[in-house]
Amino acid sequence: AQSVTQLGSHVSVSEGALVLLRCNYSSSVPPYLFWYVQYPNQGLQLLLKYTSAATLVKGINGFEAEFKKSETSFHLTKPSAHMSDAAEYFCAVRGFMEYGNKLVFGAGTILRVKS
Amino acid sequence: GAVVSQHPSRVICKSGTSVKIECRSLDFQATTMFWYRQFPKQSLMLMATSNEGSKATYEQGVEKDKFLINHASLTLSTLTVTSAHPEDSSFYICSARRGSYEQYFGPGTRLTVT
Chain L
1 AQSVTQLGSH VSVSEGALVL LRCNYSSSVP PYLFWYVQYP NQGLQLLLKY
51 TSAATLVKGI NGFEAEFKKS ETSFHLTKPS AHMSDAAEYF CAVRGFMEYG
101 NKLVFGAGTI LRVKS
Chain D
1 GAVVSQHPSR VICKSGTSVK IECRSLDFQA TTMFWYRQFP KQSLMLMATS
51 NEGSKATYEQ GVEKDKFLIN HASLTLSTLT VTSAHPEDSS FYICSARRGS
101 YEQYFGPGTR LTVT
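Protein sequences, first through last, are from chains L and D.
To convert, note that position 64 of the first sequence is 64 in the working numbering; the numbers rise steadily by one, no gaps.
To convert, note that position 61 of the second sequence is 61 in the working numbering; the numbers rise steadily by one, no gaps.
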């Protein structure tokens with residue numbers, strides 16, 4: 001069965017601190033992986049994507065994620081949080097067998113940045 | 001990046017009426033568009049996949065007669081919620097695929113049925 005797990009529905013960090021949002025997936029073959037950000041009452045904006053090239057992917061706004069096949073993980077990081085990073089983040093996977101070639105989203109993680 | 005627009009951004013309608021939501025890819029042609037529904041504090045749930053010139057493919061549990069999808073051109077897909085009821089109130093988001101894997105999302109439409 002398809003599965004995208006985001007550990008922690010809420011994450012709170014101080015401004016300037018490291019941001020780490022976790023995502024694990026289940027798939028028999030490495031899928032394509034994505035991180036999206038959603039601000040209140042808005043659609044989703046693509047932060048970054050992994051499509052079987054370099055395992056360390058850099059995205060917009062200083063975010064990056066590393067694909068680790070052995071851990072089936074694609075955690076999102078940012079060295080220094082900014083107040084404007086406060087939003088909800090979704091990990092998504094698109095595979096070609098279990099997922100039916102469709103994007104499947106995790107439950108989302110709300111990031112709160114404290115001043 | 002690619003731009004996807006949705007109209008209207010929010011709509012309030014009375015129970016029993018129908019509402020049409022438009023999704024447009026502004027700077028690219030999208031052979032495939034997707035419609036999602038998002039309940040408060042929840043993730044996106046795929047409702048249907050829309051291919052230009054053919055019938056939409058609905059996910060299990062989504063009523064095709066209630067949520068009519070038309071993909072009339074490579075840049076426009078519409079979702080019509082027919083005979084809307086309060087339980088249809090939700091945030092509807094469309095997405096358009098460019099190329100083989102990139103999906104771009106619209107800003108969403110907040111539907112409130114009174």
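Rather than coming from a laboratory, the hints here were simulated on the basis of the structure.
Beta carbons are placed, not taken as given, at the ideal position from N, Cα and C, and that holds for glycine.
Hints should not be assumed to be uniformly reliable.
What the hints assert, rightly or not - Incomplete in silico selection of chain L near chain D, CB under 10 Å: (1) 3; (2) 4; (3) 16; (4) 34; (5) 36; (6) 49; (7) 51; (8) 54; (9) 55; (10) 63; (11) 83; (12) 84; (13) 90; (14) 102.
Unchecked claim - Quick list of simulated restraints, FRET-style, between CB atoms: (15) D:59 / L:82: 33 to 41 Å; (16) L:41 / D:15: 36 to 44 Å; (17) L:82 / D:100: 45 to 53 Å; (18) D:52 / L:68: 23 to 31 Å.
Comparing the hints with the structure gives:
1. Annotation: residue 3 (chain L) was flagged as interfacial toward chain D, and the flag is violated, the nearest CB pair being 13 Å apart, outside 10 Å.
2. Because the closest C-beta pair between residue 4 (chain L) and chain D is about 9 Å apart, less than 10 Å, the hint holds.
3. Violation of the interface hint for residue 16 (chain L) is found here, the shortest Cβ-Cβ separation to chain D being roughly 28 Å, above the 10 Å cut-off.
4. Given hint, residue 34 (chain L) at the interface with chain D, holds; its Cβ is 8 Å from that chain's nearest Cβ, closer than 10 Å.
5. At a threshold of 10 Å, the smallest CB-CB gap from residue 36 (chain L) to chain D is about 7 Å, leaving the interface hint in force.
6. For residue 49 (chain L), the suggested interface contact is upheld, since its CB lies about 7 Å from the closest CB of chain D, less than 10 Å.
7. The restraint placing residue 51 (chain L) at the interface with chain D holds, with a minimum CB-CB distance near 6 Å, inside the 10 Å limit.
8. Look at residue 54 (chain L): its Cβ only gets to about 16 Å from chain D, farther than 10 Å, so that hint breaks.
9. The interface hint given for residue 55 (chain L) is violated, since its Cβ lies 17 Å from the closest Cβ of chain D, which is over the 10 Å cut-off.
10. Interface hint at residue 63 (chain L): violated, since its Cβ lies 15 Å from the closest Cβ of chain D, which is beyond the 10 Å cut-off.
11. Taken as an interface hint, residue 83 (chain L) does not check out: its beta carbon lies about 22 Å from the nearest beta carbon of chain D, beyond 10 Å.
12. With a least beta-carbon distance of about 18 Å to chain D, the hint placing residue 84 (chain L) at the interface is violated under the 10 Å criterion.
13. Taken as an interface hint, residue 90 (chain L) checks out: its beta carbon lies about 6 Å from the nearest beta carbon of chain D, inside 10 Å.
14. Because the beta carbon of residue 102 (chain L) sits about 6 Å from the nearest beta carbon in chain D, less than 10 Å, this interface hint is met.
15. The given range of 33 to 41 Å is respected by residue 59 (chain D) and residue 82 (chain L), whose C-beta atoms sit roughly 37 Å from each other.
16. At roughly 23 Å, the beta carbons of residue 41 (chain L) and residue 15 (chain D) sit outside the given window of 36 to 44 Å.
17. Taken as a hint, the range 45 to 53 Å is violated for the pair residue 82 (chain L) and residue 100 (chain D), whose Cβ atoms sit roughly 33 Å apart.
18. With their beta carbons about 37 Å apart, residue 52 (chain D) and residue 68 (chain L) fall outside the hinted range of 23 to 31 Å.
Checked against the numbered hints above, the structure breaks hints 1, 3, 8, 9, 10, 11, 12, 16, 17 and 18 and satisfies the rest.
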